[in-house]
Amino acid sequence: MTSAELYEMLKKVQESKGYFFNKDKDWVLSILSDLLINKERYGYMSCPCRLAAGNREKDADIICPCLYRPEDVKEYGSCYCNLYVSTKWNEGAIEHQYVPERRPPGKISF
Amino acid sequence: MSAKVKMFTLSTCSHCKATKKFMHDNGIDFDYIDVDLLQGNDKQKILEEVEQYNPNRSFPTIIIGDTIIIGFRESDIREALGI
Numbered sequence: 001m002t003s004a005e006l007y008e009m010l011k012k013v014q015e016s017k018g019y020f021f022n023k024d025k026d027w028v029l030s031i032l033s034d035l036l037i038n039k040e041r042y043g044y045m046s047c048p049c050r051l052a053a054g055n056r057e058k059d060a061d062i063i064c065p066c067l068y069r070p071e072d073v074k075e076y077g078s079c080y081c082n083l084y085v086s087t088k089w090n091e092g093a094i095e096h097q098y099v100p101e102r103r104p105p106g107k108i109s110f
Numbered sequence: 111m112s113a114k115v116k117m118f119t120l121s122t123c124s125h126c127k128a129t130k131k132f133m134h135d136n137g138i139d140f141d142y143i144d145v146d147l148l149q150g151n152d153k154q155k156i157l158e159e160v161e162q163y164n165p166n167r168s169f170p171t172i173i174i175g176d177t178i179i180i181g182f183r184e185s186d187i188r189e190a191l192g193i
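Quick note, the sequences are listed as chains U and L, same order.
Position 12 (the first sequence) corresponds to 12 in the working numbering; numbering is contiguous.
One gets the working numbering by counting positions in the second sequence from 1 and adding 110 to each.
Don't read these hints as lab results, they were simulated from the structure.
Hints may contain errors.
[Claimed, not checked] In the DSSO-like style, the derived pairs of lysine-lysine whose C-alpha atoms are separated by at most 30 Å in a straight line are:
1. 130/L <-> 25/U
2. 116/L <-> 58/U
3. 58/U <-> 114/L
4. 11/U <-> 74/U
5. 107/U <-> 130/L
6. 58/U <-> 12/U
7. 17/U <-> 127/L
8. 131/L <-> 88/U
[What the hints assert, rightly or not] A few chain U residues facing chain L, derived, Cβ under 7 Å:
9. 34
10. 37
11. 44
12. 48
13. 51
14. 81
15. 98
Ideal placement from N, C-alpha and C gives every residue a C-beta, glycine not left out.
Bound-form chain L, shown alone (with noise of 0.2 Å):
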């Protein structure tokens, strides 16, 4: 069973890019927000819900299932997803 994947990303951010570019190539289902093009409290919202993943609020944030992985680090997103 695969575990649900999200991701808070910045549209401009290289591992960012690099990261949902791994979740397109080996397949993965994600749902991600581009938190730099969202504006007023749409964004302070979500900051606030990244805070609680990631107190450093840096990006990307990725969750998958109940692990909690900051930035473009692949070996630990492969064991995440088991994959």
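Isolated chain U (complex conformation) (with noise of 0.2 Å):
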């Protein structure tokens, strides 16, 4: 798979979820072909922005979409990537700050 048919397979069925991809495409573009170097590395598309374990039970909680995104998408308009974001933060109505990492340091296993 490339990262251009990851693109138009993923934009339909997160659009319909209410998360867009961020405007500028070759920065998703960029990010897709990460979570297919991951797919490739661990076997599952684990958070590019993140290190993973490599073991799909301990990093269950950032395969993308990981299981901090509703709080980030909610509380700044994007994912910690940058990857999944609201309209208001593509249309520039909320400030692109920086997403600190909110997943808890317990979770990390590496």
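Assembly of the complex is requested from the two constituent chains, each provided in isolation within its own frame, with the hints serving as guidance.
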């Protein structure tokens, strides 16, 4: 699968849930390529912005879309990677601040 | 005088890539380690080092002189670099 194919596939599914791709398509395609690298490496699409343990159970909360996306998009208008955002974030109606890591340190097991 | 720049990064991380690009674009010399590409003991050793700077062990962890910056926070990076 190519990142462009993944883009089309996810766009439909995620937009219907209220999560939109960052309007910077180059940024999005780069992240999607990295998701495909992680799928090759680990067997699942672990968040490319975080270090994976390489164990599906330990990484369950950071398999994209991660467990923290709803809260991050609600609070900051964007997920940790700036992959999924709200329409307001894309329109510039929300300040684009750096999304801090929400994953509790206790969850990190690499 | 420019401060020494050291970064702990992931080869797949978008914010890490953006930080590396920022350093290149601004002509800043920097050392970096892509932690996800390390294996076994090398990885553990580096992760212990990252933990000293950033208990969350998130990426990028950027050390500019005595300043530690977590994430691609451009204004903080500019301030630490004095640019």
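Hints, one by one, checked against the model:
As the CA atoms of residue 130/L and residue 25/U are separated by approximately 20 Å, the hinted pair is consistent with the 30 Å bound. Distance restraint check for residue 116/L and residue 58/U: the Cα-Cα separation of roughly 29 Å lies within the 30 Å cut-off, and the hinted pair is therefore satisfied. Only pairs whose Cα atoms come within 30 Å are accepted, and residue 58/U paired with residue 114/L is rejected, the gap being roughly 35 Å. For the hint pairing residue 11/U with residue 74/U, the CA-to-CA distance comes to about 19 Å; that is within 30 Å, so the pair holds.
Straight-line distance between C-alpha atoms of residue 107/U and residue 130/L comes to about 27 Å, which keeps the hinted pair within the 30 Å bound. Pair hint residue 58/U plus residue 12/U holds up; C-alpha atoms about 28 Å apart against a cutoff of 30 Å. The suggested pairing of residue 17/U with residue 127/L holds, with an alpha-carbon distance near 29 Å, which does not exceed 30 Å. Between residue 131/L and residue 88/U the alpha-carbon distance is near 27 Å, which keeps this suggested pair within the 30 Å criterion.
Of the supplied interface hints, the one on residue 34/U holds, with its beta-carbon coming within about 4 Å of a beta-carbon of chain L, less than 7 Å. Because the smallest distance between the Cβ of residue 37/U and any Cβ of chain L comes to about 6 Å, under 7 Å, the interface hint for this residue holds. For residue 44/U, the suggested interface contact is broken, since its CB lies about 14 Å from the closest CB of chain L, more than 7 Å. Hint status for residue 48/U relative to chain L: holds, with the closest Cβ pair at about 4 Å, below 7 Å.
Because the closest C-beta pair between residue 51/U and chain L is about 6 Å apart, less than 7 Å, the hint holds. The restraint placing residue 81/U at the interface with chain L holds, with a minimum CB-CB distance near 6 Å, inside the 7 Å limit. Checking residue 98/U against chain L: minimum C-beta separation of about 5 Å stays under 7 Å; hint holds.
The structure fails hints 3, 11 (numbered hints given earlier, in ascending order).
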